[in-house]
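Take the given structure of chain A and dock chain B to it, following the hints.
Residue numbers (the numbering used here), protein chains in the order written: chain A, 1 to 99; chain B, 1 to 185.
Bear in mind the hints are in silico, worked out from the structure with no lab data behind them.
Hints are supplied without guarantee of correctness; some may be wrong.
Claimed, not checked - Derived SDA-like pairs (lysine to any residue); straight-line CA-CA distance at most 25 angstroms:
hint	chain 1	residue 1	chain 2	residue 2
1	B	LYS144	A	THR55
2	B	LYS168	A	GLN87
3	A	LYS84	A	VAL21
4	B	LYS168	B	SER153
5	B	LYS144	B	HIS52
6	B	LYS94	B	ARG26
7	B	LYS168	A	ALA77
8	B	LYS168	A	ALA70
9	A	LYS84	A	LEU97
10	B	LYS144	B	ALA56
11	B	LYS94	A	VAL94
12	A	LYS84	B	ILE161
13	B	LYS168	A	THR66
14	A	LYS84	A	ALA69
15	B	LYS144	A	ALA41
What the hints assert, rightly or not - These stretches of chain A come out as covered by chain B in the derived footprint (C-beta under 8 angstroms, 3 or more residues):
hint	stretch
16	32-42
17	49-58
18	61-75
19	78-84
Claimed, not checked - Across the chosen pairs, the derived CB separations fall in these ranges:
hint	chain 1	residue 1	chain 2	residue 2	range
20	B	TYR135	A	SER96	47 to 55 angstroms
21	B	ASN114	A	LYS84	45 to 53 angstroms
22	B	LYS144	A	HIS85	42 to 50 angstroms
Where is the CB? At the ideal position from N, CA and C, for every residue including glycine.
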Amino acid sequence: MGLEYYLMLSALLFTTGVVGVLVRRNAIIIFMCIELMLNAANLAFVAISRSLGQTEGQVFVFFVMTVAAAEVAIGLAIIVSVFKHRQTINVDEVNSLKG
Amino acid sequence: MNPEQVLFFVFGLIALAGAISVISFRHPIYSALALIITFFAQAGLFVLLGAHFVAAAQVIVYAGAIMVLFLFVIMLLNLGRRDPGSAAGRGKWKGIAVILGILFAAEGIYIAVNALSDNTAVASAQPAAESVTTYDIGTLLFSKYLLPFEVTSLILLAALIGVIVLVKRERPRTISRIRISITRD
Chain A
1 MGLEYYLMLS
11 ALLFTTGVVG
21 VLVRRNAIII
31 FMCIELMLNA
41 ANLAFVAISR
51 SLGQTEGQVF
61 VFFVMTVAAA
71 EVAIGLAIIV
81 SVFKHRQTIN
91 VDEVNSLKG
Chain B
1 MNPEQVLFFV
11 FGLIALAGAI
21 SVISFRHPIY
31 SALALIITFF
41 AQAGLFVLLG
51 AHFVAAAQVI
61 VYAGAIMVLF
71 LFVIMLLNLG
81 RRDPGSAAGR
91 GKWKGIAVIL
101 GILFAAEGIY
111 IAVNALSDNT
121 AVASAQPAAE
131 SVTTYDIGTL
141 LFSKYLLPFE
151 VTSLILLAAL
161 IGVIVLVKRE
171 RPRTISRIRI
181 SITRD
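One chain only, chain A, in its complex shape (with noise of 0.2 angstroms):
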């Protein structure tokens, strides 16, 4: 398989990610796109990783996923405590820091 069809595949999950986070108003969903991106970046790194022939995409995808696992701890955190304040996580609703 080619290369070029790996990079097809993650340019298209990560546009998914990109309008799931135009269109979806629910914040927890907003989250799950933002790991669909990730994840897209993810498979880039691995596929030219091993078109090249090096390691190092591997290690990176590594530092990704930690990354990733704690924005999701801290973000659903911030979830929690806004509905906590407000009772709702609709991103349209809360627009108090909007200037």
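Frame of chain A; chain B shown alone:
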């Protein structure tokens, strides 16, 4: 078509279908389950690419730990029934977002194909015959990338402390009152 190509298209289509399901289901639980399917399909793609360690980490960390966290929060907040946020956005913006997304995808595919034809170093590189073993990754991780690895642990520590601070229930007054009542007694 050889078996590798067949498996690529099977896993790729499952991953794409799961991703589109994530953004189209109304209930967050269904979205989370579709995301798990996408993660498993991507683990299959990683195995096809010879990255067995990454595939295992994908299943354990993403499909295991992270998705359990998502499902836990969805069920804790009991979302989906009464929250209007589960519905998709307004129709006009939705259409524009989808059109822009299609343009963005076309751009990404164009770059993916063209950059390869321009960059002969990447395009002409022969795929490694043997897959990268966990031994190779570990050697690289603990020699060349030792400092980033240690910084990673700091990131995890910061996330740990941050989560505790964010969701901690603050009741210092009640504690001092209890102490006062104890000393009075």
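Here is how each hint holds up against the structure:
1. B:LYS144 x A:THR55: Holds. B:LYS144 to A:THR55 sits at ~11 angstroms (cutoff 25 angstroms).
2. B:LYS168 x A:GLN87: Status holds; Cα separation ~18 angstroms.
3. A:LYS84 x A:VAL21: Satisfied, since the Cα-Cα distance of roughly 23 angstroms is no more than 25 angstroms.
4. B:LYS168 x B:SER153: Holds. B:LYS168 to B:SER153 sits at ~22 angstroms (cutoff 25 angstroms).
5. B:LYS144 x B:HIS52: holds (21 angstroms)
6. B:LYS94 x B:ARG26: Holds, at roughly 14 angstroms.
7. B:LYS168 x A:ALA77: Since the Cα atoms of B:LYS168 and A:ALA77 sit roughly 10 angstroms apart, the hinted pair holds (cutoff 25 angstroms).
8. B:LYS168 x A:ALA70: holds (18 angstroms)
9. A:LYS84 x A:LEU97: Since the Cα atoms of A:LYS84 and A:LEU97 sit roughly 17 angstroms apart, the hinted pair holds (cutoff 25 angstroms).
10. B:LYS144 x B:ALA56: holds (23 angstroms)
11. B:LYS94 x A:VAL94: Answer holds: B:LYS94 to A:VAL94 is near 20 angstroms, not above 25 angstroms.
12. A:LYS84 x B:ILE161: Distance of about 20 angstroms is within 25 angstroms: holds.
13. B:LYS168 x A:THR66: holds (23 angstroms)
14. A:LYS84 x A:ALA69: It holds: about 23 angstroms lies between the C-alpha atoms, which stays within 25 angstroms.
15. B:LYS144 x A:ALA41: holds (22 angstroms)
16. 32-42: With 6 residues close enough to chain B, the hint holds.
17. 49-58: holds (count 8)
18. 61-75: holds (count 13)
19. 78-84: holds (count 5)
20. B:TYR135 x A:SER96: 47 to 55 angstroms: holds (52 angstroms)
21. B:ASN114 x A:LYS84: 45 to 53 angstroms: holds (49 angstroms)
22. B:LYS144 x A:HIS85: 42 to 50 angstroms: Between B:LYS144 and A:HIS85, where Cβ atoms are some 45 angstroms apart, the hint holds.
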